[in-house]
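Going down the list, the protein sequences come from chains P and H. Per my numbering, the first sequence starts with residue 208, numbered consecutively. Per my numbering, the second sequence starts with residue -18, numbered consecutively.
It is possible that some hints are incorrect.
[Stated by the list, open to error] Subject to a maximum C-alpha distance of 27 Å in a straight line, what follows is the list of computed DSS-like cross-link-like pairs (lysine-lysine):
| # | chain 1 | residue 1 | chain 2 | residue 2 |
| --- | --- | --- | --- | --- |
| 1 | P | Lys276 | H | Lys80 |
| 2 | H | Lys26 | P | Lys278 |
| 3 | P | Lys272 | H | Lys26 |
| 4 | H | Lys23 | P | Lys225 |
| 5 | H | Lys23 | P | Lys272 |
| 6 | P | Lys264 | P | Lys225 |
| 7 | P | Lys278 | H | Lys80 |
| 8 | H | Lys80 | P | Lys264 |
[Stated by the list, open to error] Example chain H residues on the side facing chain P (calculated, C-beta under 8 Å, incomplete):
| # | residue |
| --- | --- |
| 9 | Cys21 |
| 10 | Glu24 |
| 11 | Leu27 |
| 12 | Thr85 |
By construction, these hints were calculated from the structure, which means they are not laboratory data. Ideal placement from N, C-alpha and C gives every residue a C-beta, glycine not left out.
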Amino acid sequence: EAQVTQNPRYLITVTGKKLTVTCSQNMNHEYMSWYRQDPGLGLRQIYYSMNVEVTDKGDVPEGYKVSRKEKRNFPLILESPSPNQTSLYFCASSSDGGGTEAFFGQGTRLTVV
Amino acid sequence: RKEVEQDPGPFNVPEGATVAFNCTYSNSASQSFFWYRQDCRKEPKLLMSVYSSGNEDGRFTAQLNRASQYISLLIRDSKLSDSATYLCVGPRGGGTASKLTFGTGTRLQVTL
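The following block holds chain H by itself, in its conformation from the complex:
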């Protein structure tokens, strides 16, 4: 089983819609998770960290469900500019000093 798994999509949604992505992880000891955004042929950039208590930044909300071992990203009022690939990221080995492991990404396409 992969350490971090996510649905590759694509998710095609109209502008203004609410869309949610989930990502499952296999290491129950993992502490730190992140969502990165990657535009086509560009480098990944941090979108937001995922905390146990949840994390909200404007239209974006990230949640961590330890019991079911998944993290989620909710995007409200989707904009055309939200079209990108969203990468779920967790630590390898569960500690804060270990390597990062990346999901393969979920592609979002927001349309008019």
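For reference, chain P alone in the conformation it holds in the complex:
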């Protein structure tokens, strides 16, 4: 079954404690991205990757890092989380960046206290 898998689904952490949210896709897609979704602001892109070792900033990259060492994996790293990073995070993949369907993971609800 074609899917994008994120882990964990729910996470509560404290300010400053480094965390990683994993994302994996089994569709051999080249394009992957991370979004955060906040009430009234919709989905905003954090980072995206067009292929292995190729990543670029989205609209709201501050406080986040990503890596793309393998085609299937695109982890999101918060080196020093802060309360304003409390949000619902989605990973997505597609065969290209804008012309085809994007498949989303189930989301990670992060709370930073």
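Given the structure of chain P, go ahead and fit chain H onto it with the hints provided.
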């Protein structure tokens, strides 16, 4: 101006009604548009693509109006199960290899 804008709603309609959402876009060179559906606290899922010639899938019809730079979604014979948030999506920069940009969504509530 936001690249993609839509009315947040909510649209409250009775079961069986016809409802239409519009979404305006700012980049006249944009080629590909989509409507995604998102249920509460779930991931967005593709509902349908929007073609220049229009696209119909059962009770759903999507249209693209390039002259006025908007796309629309028409839902006929609304069902309770249609209650969700509908996201208008377009490409950033106008090319097919660019990033996606999402509208903030229009919430639909279908009632008995």
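Status of the hints after comparison with the structure:
1. P/Lys276 to H/Lys80: 21 Å, holds
2. H/Lys26 to P/Lys278: 22 Å, holds
3. P/Lys272 to H/Lys26: Since the Cα atoms of P/Lys272 and H/Lys26 sit roughly 26 Å apart, the hinted pair holds (cutoff 27 Å).
4. H/Lys23 to P/Lys225: 26 Å, holds
5. H/Lys23 to P/Lys272: 24 Å, holds
6. P/Lys264 to P/Lys225: With a Cα-Cα distance of about 20 Å, the restraint between P/Lys264 and P/Lys225 holds, given a limit of 27 Å.
7. P/Lys278 to H/Lys80: Roughly 18 Å separates the two Cα atoms, so the pair holds.
8. H/Lys80 to P/Lys264: 11 Å, holds
9. Cys21: 11 Å, violated
10. Glu24: 4 Å, holds
11. Leu27: Interface hint status for H/Leu27: holds (5 Å vs cutoff 8 Å).
12. Thr85: 4 Å, holds
Of the hints listed earlier, the one the structure fails to meet is number 9.
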